[in-house]
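Spelled out from the first residue to the last, the chains are:
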Amino acid sequence: MMLKLAGIYWTEQLKLGSLKTDKKTRWRLVGLLALGIYVFGMVYSFANAMAAPLSESGSLARLAELFMTAGSGLVILSTLFSARDILFSYKDREMLSAMPIKRGTLVGSRVLILLIYESVFTFMLMLPMFVALGRRMTVGPYYILCAVVGCLLTACAPAVIGAVLGTGLSALLSGFRGAKILRYAVLALFALGVMAVSMSTGFTAGGGRLSEEAVGKLDEAMASVRSFLPTVRLFSDGLSGEPLKLAAFALVSVAMTALLILFASKLSPYIGARSEGGGAARGYVPEKTRSLSSALFRRESGLYFGSPLYVFNTAFGLLILLIGAAAVVILRRRLLDTRIMLEAGEMMYGMLPFIFALFVSMCPITACTISMEGRRFWLLRSMPVPAKKVLSTKLLFALTVEAVPVVAAATALQFTLPLDTGYRVILYVLPLVYCVFTSVLGLLINLRMPKLDWTNEAAVVKQSGSVTLAMVSD
Amino acid sequence: MLVIKDFSKTYKGGNKAVDGLSLHVEPGVIYGFIGHNGAGKTTTIRSVVGAQSFDSGEILICGKSITAEPEAAKRLMAYIPDSPEVYDNLTGTRFLDFVADVYGVGAAERRERITRYGDMFEITSRLGNVISTYSHGMKQKLVLISALIHAPRLLVLDEPFVGLDPKAAFTLKEIMREMTDDGCAIFFSTHVLDTAEKLCDRVAIIKNGRLVAEGTMDEIRGNESLEHVFLELIDHDA
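Line by line, the protein sequences are chains A and B. Residue numbers are given in the numbering used here: position 393 of the first sequence equals residue 393, and the series is strictly consecutive. Each number in the numbering used here comes from the position in the second sequence (counting from 1) with 1000 added on.
Chain A with its partners taken away, still in its complex shape (with noise of 0.2 Å):
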């Protein structure tokens, strides 16, 4: 039944069951699946970038490691923000729950909904590379077994610790005025926390053999991880030979599983209960009135920042971004006086405009736009407002979103680093354009390929084509 359920939630996501009709369900199928060869085709080039100095260095198994963490990382901040909707937010809830269903399978239907959501991350960072080591490392029926269980269960324990403390989080903060600004907040530094661990593993693949000083802080940054994630430790020593190891792995990631959809469904109704209470009553308080343009504007905000799973998903590149550029003004001095700026030089400042670039195409606000207006789509399309004007004002909010955080990072590193004057025009100019380029993309992609019949804002949001193809297209 279990399977079944999630079995009908897929199906009616991905809309299989058009599929021998509709021409345009066959063609979305193939343009995923293009775009998972795209993206097998990258990672599996970074895999093998990353391989070739820690095989030099005696230290491929870290390669597993690392990418297992970084995987990890991004699914555990994922599951923060997205597994209260997914597990007890859902549109069909009511329906299913009249149903003779069991609670417990109710609720495992959709922990293992948000597990094939959050496998889908891993499975792309896993599969491609363990193709990589694979070149590197003797083959057997082992390895592939290693690979079967790492691609599949990367996910789980990451999943389950995201989901627990992203619900408790929520559900403790929801009988608090403002409990949406304090989840962000909590949720954010808890994020930059995972950020910094996941941060302090980094280290330069630029060719060459790395150091015995950095395969040794390297050593010292995974040993943090794995205290953190102890399913890391036991699936790097599975797959150096240690088959009990792998099989502990296997039954821990089974088990954290088990125990999430245990717990979910005991507290399922509680949490549903706090969710769609609502409180105490609050009455009619007049409010100013306001322009066209302006009531548009902040329709927008409250639809955007009214919804967590929107704002983590697309505002993502953007804290890292402001993240970065706060580091850089902290360590100034540290970063200065360090050899790599020096010898990096103007080629390493030759880059910024890119890497701005680069997290603001991890921010499409305007892909999901349409689609998240949903089932009400009606009332925009009833009132006397002309679409342009309402195209416009998505898209003028997207670009106060991403530019704010992109001027004050370029403003930042203004300060800190040593630039031509040019160059420092350049810094604000080309992020900016970069801007307007992703957003009006992104906004026809999703006017072109609008999903409104969605149940779960994160159908739109993390699993939708328009966003897909518009972070493909960025």
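These are computed hints drawn from the structure, not numbers from a lab. Hints are not guaranteed to be accurate.
Claimed, not checked - Within a straight-line C-alpha distance of at most 30 Å, the following computed DSS-like cross-link-like pairs (lysine-lysine) qualify:
id : chain 1 : residue 1 : chain 2 : residue 2
1  : A       : LYS20     : A       : LYS4
2  : A       : LYS388    : B       : LYS1207
3  : A       : LYS451    : B       : LYS1012
4  : B       : LYS1016   : A       : LYS20
5  : A       : LYS4      : A       : LYS24
6  : B       : LYS1207   : B       : LYS1064
7  : B       : LYS1207   : B       : LYS1016
8  : B       : LYS1064   : A       : LYS388
9  : B       : LYS1207   : B       : LYS1005
10 : A       : LYS23     : B       : LYS1012
11 : A       : LYS388    : B       : LYS1173
12 : A       : LYS24     : A       : LYS102
13 : B       : LYS1207   : B       : LYS1173
14 : A       : LYS23     : B       : LYS1016
15 : A       : LYS24     : A       : LYS388
16 : B       : LYS1173   : A       : LYS24
17 : B       : LYS1012   : A       : LYS389
18 : B       : LYS1012   : A       : LYS20
19 : B       : LYS1064   : A       : LYS389
Claimed, not checked - In silico negatives: residues of chain A with every beta carbon more than 12 Å from chain B:
id : residue
20 : TRP27
21 : SER294
22 : LEU358
23 : PHE377
24 : LEU379
Think of the CB as a built atom: it goes at the ideal place given N, C-alpha and C, for glycine as much as any other residue.
On the provided structure of chain A, position chain B as indicated by the hints.
Just chain B now, kept in the frame of chain A:
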């Protein structure tokens, strides 16, 4: 007030939802639009309010074409859909203020109307709450208030009584009558033939996208009940 001339709409795949429909709703009239499931009622209503395009024909609101002058036409009417899908993350107040801003309703007028209709539907005390905490009926009431906030000349409603409690349904009927007394027009679809019989001045019965009967209530039902006439028309040629 509302003129529909030779209106036709075909969906993708060749499904002809409405075929050559013509209607005229005069000011001061409550006009019932009746038909079985899939007859084409919602398709017609969505096209009237400009929520979807159509293949041929013309729809005029107070003489303004919904295709040629959509903003001007929409400004004169309000629409209430069969399912009250609104912005769950906004508060009721913020949603109503947004609608009032779009229609350019002044501060004093909006305050007066929101409190008046809010009190009538007994929802004023919850307007500061987030819409996701509302029940289906409360959302329905909120959408009703948002439709009335700019004092429309034409009110278009799709199954308006579904989900409303008896008191709210009674209040809505009172408001509808009040509006028509002031020269406005109401065009609404319903399955509740009893309500239509008591409330409507004129009715149109649609079957498989074609108009099969139209006239005043007395003209349509004669000596029979509306339910009897409707069933006879629907079963005929079935």
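Would you mind confirming whether the straight-line C-alpha gap from LYS388/A to LYS1207/B stays at or under 30 Å? Roughly 37 Å separates the two Cα atoms, so the pair is violated.
Are LYS1173/B and LYS24/A close enough, with their CA atoms no more than 30 Å apart? Status violated; Cα separation ~45 Å.
For the pair supplied as a hint, LYS4/A and LYS24/A, is the alpha-carbon distance within the 30 Å limit? holds, 25 Å
Hinted pair LYS1207/B and LYS1173/B, Cα distance within 30 Å: Distance ~26 Å between LYS1207/B and LYS1173/B Cα, so the pair holds.
Non-interface claim for PHE377/A, where every Cβ of chain B lies beyond 12 Å: violated, 8 Å
Given the hint that LYS23/A pairs with LYS1012/B, does the C-alpha gap stay at or below 30 Å? holds, 12 Å
Sort out whether LYS20/A lies within 30 Å of LYS1016/B, counting only the CA atoms. Within the cut-off at roughly 22 Å; holds.
Chain B versus TRP27/A - minimum CB to CB distance exceeding 12 Å, so not interface: holds, 15 Å
LYS23/A and LYS1016/B: Cα distance at most 30 Å? holds, 21 Å
Nearest-CB test (12 Å) between chain B and LEU379/A: violated, 7 Å
Is it the case that LEU358/A keeps its Cβ farther than 12 Å from each residue Cβ in chain B? holds, 30 Å
Between the alpha carbons of LYS1064/B and LYS389/A, is the straight-line distance 30 Å or under? Distance of about 21 Å is within 30 Å: holds.
Checked against the numbered hints given earlier, the structure breaks hints 2, 11, 12, 16, 21, 23, 24 and satisfies all the rest.
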